[in-house]
Amino acid sequence: MSQKIISIAATNLTKIYARGNEEIISVNNVSFLINKGDFVSIIGPSGSGKTTLINLLGCLDNPTSGELCLGDRPIFGNEKRLSERELTKIRRETFGYIFQNFYLIPTLTVMENVMLPLTFYHKPGTEHEPVKLLKLLGIDHRKDHLPSQISGGEMQRVAIARAMVNMPDILLADEPTGNLDTKRSAEIVHVLQELNKTVGLTVVMVTHNQELARQANRMFEMRDGQISQVE
Amino acid sequence: MITKFQVAYKNLLRKRIRSLLTLIGIALSSWVLVSLLGFNRGYEASLNKDIDNMGFQLMIMAKGCPYEAATLMLKGGTGLRYMKESIMADITKEPEVEKITPILMSAVFDPNKGESGGIAGYFGIESKSFAELKPFLKFRQGGWFTDANAYETVMGFEAAELEQREVGDMILMPEKNVKFKVVGILERTGTQDDGTIFVPLKTLQKVFGKPDDITTIGIKLKKGVDSTRLEEKLYQLPDVQIVSLEQVKQTIMKLISTAKVMVLSIAIIAIMIAMVGVVNTILTSVWERFQEIGILKTIGAMPWDIFKLIWIETLILCTAGGILGVILALILSGVTDMAMRSVLPYAPGGGLVLIDLKLVLVTLVGIICIGLLSGIYPAWKAGRIRPLEAIRGEAGR
Numbered sequence: 001m002s003q004k005i006i007s008i009a010a011t012n013l014t015k016i017y018a019r020g021n022e023e024i025i026s027v028n029n030v031s032f033l034i035n036k037g038d039f040v041s042i043i044g045p046s047g048s049g050k051t052t053l054i055n056l057l058g059c060l061d062n063p064t065s066g067e068l069c070l071g072d073r074p075i076f077g078n079e080k081r082l083s084e085r086e087l088t089k090i091r092r093e094t095f096g097y098i099f100q101n102f103y104l105i106p107t108l109t110v111m112e113n114v115m116l117p118l119t120f121y122h123k124p125g126t127e128h129e130p131v132k133l134l135k136l137l138g139i140d141h142r143k144d145h146l147p148s149q150i151s152g153g154e155m156q157r158v159a160i161a162r163a164m165v166n167m168p169d170i171l172l173a174d175e176p177t178g179n180l181d182t183k184r185s186a187e188i189v190h191v192l193q194e195l196n197k198t199v200g201l202t203v204v205m206v207t208h209n210q211e212l213a214r215q216a217n218r219m220f221e222m223r224d225g226q227i228s229q230v231e
Numbered sequence: 232m233i234t235k236f237q238v239a240y241k242n243l244l245r246k247r248i249r250s251l252l253t254l255i256g257i258a259l260s261s262w263v264l265v266s267l268l269g270f271n272r273g274y275e276a277s278l279n280k281d282i283d284n285m286g287f288q289l290m291i292m293a294k295g296c297p298y299e300a301a302t303l304m305l306k307g308g309t310g311l312r313y314m315k316e317s318i319m320a321d322i323t324k325e326p327e328v329e330k331i332t333p334i335l336m337s338a339v340f341d342p343n344k345g346e347s348g349g350i351a352g353y354f355g356i357e358s359k360s361f362a363e364l365k366p367f368l369k370f371r372q373g374g375w376f377t378d379a380n381a382y383e384t385v386m387g388f389e390a391a392e393l394e395q396r397e398v399g400d401m402i403l404m405p406e407k408n409v410k411f412k413v414v415g416i417l418e419r420t421g422t423q424d425d426g427t428i429f430v431p432l433k434t435l436q437k438v439f440g441k442p443d444d445i446t447t448i449g450i451k452l453k454k455g456v457d458s459t460r461l462e463e464k465l466y467q468l469p470d471v472q473i474v475s476l477e478q479v480k481q482t483i484m485k486l487i488s489t490a491k492v493m494v495l496s497i498a499i500i501a502i503m504i505a506m507v508g509v510v511n512t513i514l515t516s517v518w519e520r521f522q523e524i525g526i527l528k529t530i531g532a533m534p535w536d537i538f539k540l541i542w543i544e545t546l547i548l549c550t551a552g553g554i555l556g557v558i559l560a561l562i563l564s565g566v567t568d569m570a571m572r573s574v575l576p577y578a579p580g581g582g583l584v585l586i587d588l589k590l591v592l593v594t595l596v597g598i599i600c601i602g603l604l605s606g607i608y609p610a611w612k613a614g615r616i617r618p619l620e621a622i623r624g625e626a627g628r
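Sequence order for the protein chains is X and Y. Residue numbering for the first sequence follows this note's numbering, starting at 1 and increasing by one per position. Residue numbering for the second sequence follows this note's numbering, starting at 232 and increasing by one per position.
No lab work stands behind these hints, which were simulated from the structure alone. Every residue, glycine too, gets a C-beta built ideally from N, C-alpha and C. Take these hints with a grain of salt, some might be off.
To be verified - Chain Y regions said to be covered by chain X (calculated; three or more residues, Cβ under 8 Å):
hint : segment
1    : 236-242
2    : 332-341
3    : 607-620
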């Protein structure tokens, strides 16, 4: 039996926010393993802590306590807080992100948006990725269009291409279908599934939609900051 | 690959009107700065040229106010004082003196000059010695007087244009009702000679009833001599005063320095206003793109990358504005010249605004440096944006 390679290991991960004098435990003592090549969906009601969890996994925020390892590399632990610069370094080497609101730069064309991450950092061998990805995602005919000239589904495909251009190990998707209709939502999840299968990409997707969540090969259900159920 | 410059440039196009207005602000301040610095240089250069083109370094005049004497010599005027022509013999003997020339300045009221009349200045000169002191004078038409007692005139370029006279025409001296035949018209010199009407000294003395009187003696010194001893010696002559043209220049420069400080202050204020505009524009643009900047950090931009991106936007605005301002200053230098002349108590001939490559480069570098300084704060603020706060839209603005 082949041994699975661990992609993300979270141990007792906790995030507490202060709101005035009140403390809000957004993520409460969560532990889990995500293996390389997993497609994990995180579902749960609003305020259950799923976005906070994905932000912690994606090094967008420091946890209050707990440990996080990416592969065999310890990131958070022993109360160690990383600077914004250190977090950025980890993020750009490891993660691709997509969001509900796409966040494309409106003044740049589709191709320029996809190439944008390479302006700041590029792994060797990523030079031809933008063209390859646009073809793979079926939007190469839109490469010279501005974001305002394409549909929501196409915008999310552009966002996926942008997230993938630096060949990340892990793709984090926070409500990627939140602004799309049922048909386009299914298409986007299908694209994520294809990337997971063909490239072996680890995908972590936060969603409200049970049906879409079931498309993943593992599903975490969050409630009150804790993972209540793992399928 | 898309460069940071392309990203910054395209972002400025997002709010075209706002970027354009900021650019115009910088262009105007750059225009004012180049024009005023050009004026500072041009005024001094023209004054030097005017004084050098007088052909002599010292003037002897009948005792009176030296400033009035200098102004009379440069601009013409009334209230003249006279000295005897015989004084010249003593001056010629001095070892420092190379050449001298006598001048009788006269002024008459010309009712046809301007809307309500004006003063017309006539210079009585000895053409031979005068031409020796001013070898650069060239004739457009004709030449010097045929005789020392002739009723002939040589007109400066502008005087001839104004009076619409050609060689062979006659002109009438107002008040005295004496006619002179135009025998020569000078080429443009860019000095006060352009507006002057020259007549033979003897003739003018006769017309004004001052047979042995002159108002001025121009002295050209031998090369490299120190004029101090000569000035002291000449002061011993009765009822005369010595005007060194170097002193005249310094006096005029002092008079003009107040105006220069004022216009320079205006230029600095204009630049400061433009730079506040730059800070405002860039800062507003940073706040508007708060989420976008956060996303840029999410996709791999370091704080320094964001800083550079915002700084490049400032650089583009300031460089484009600076260049536009310089072009405006070059195109409108004639207008600036006219505006300056209208407010200055004395303006030399020739161009008052002198803009050269060095001045253009210094101004551009200055504008860009000040612009980059203005960009530091917005760029620093943008570099500090945390991606998580930006995505949530909850930054502590």
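Hint-by-hint comparison with the structure:
Requiring three or more residues with a Cβ within less than 8 Å of a Cβ of chain X, the coverage given for the segment 236-242 of chain Y holds, as 4 such residues are present. Counting residues of the segment 332-341 of chain Y whose beta-carbon sits less than 8 Å from any beta-carbon of chain X gives 0, not enough to reach three: the coverage restraint is violated. Under a criterion of three residues with beta carbons nearer than 8 Å to beta carbons of chain X, the stated coverage of the segment 607-620 of chain Y is upheld, 3 such residues being counted.
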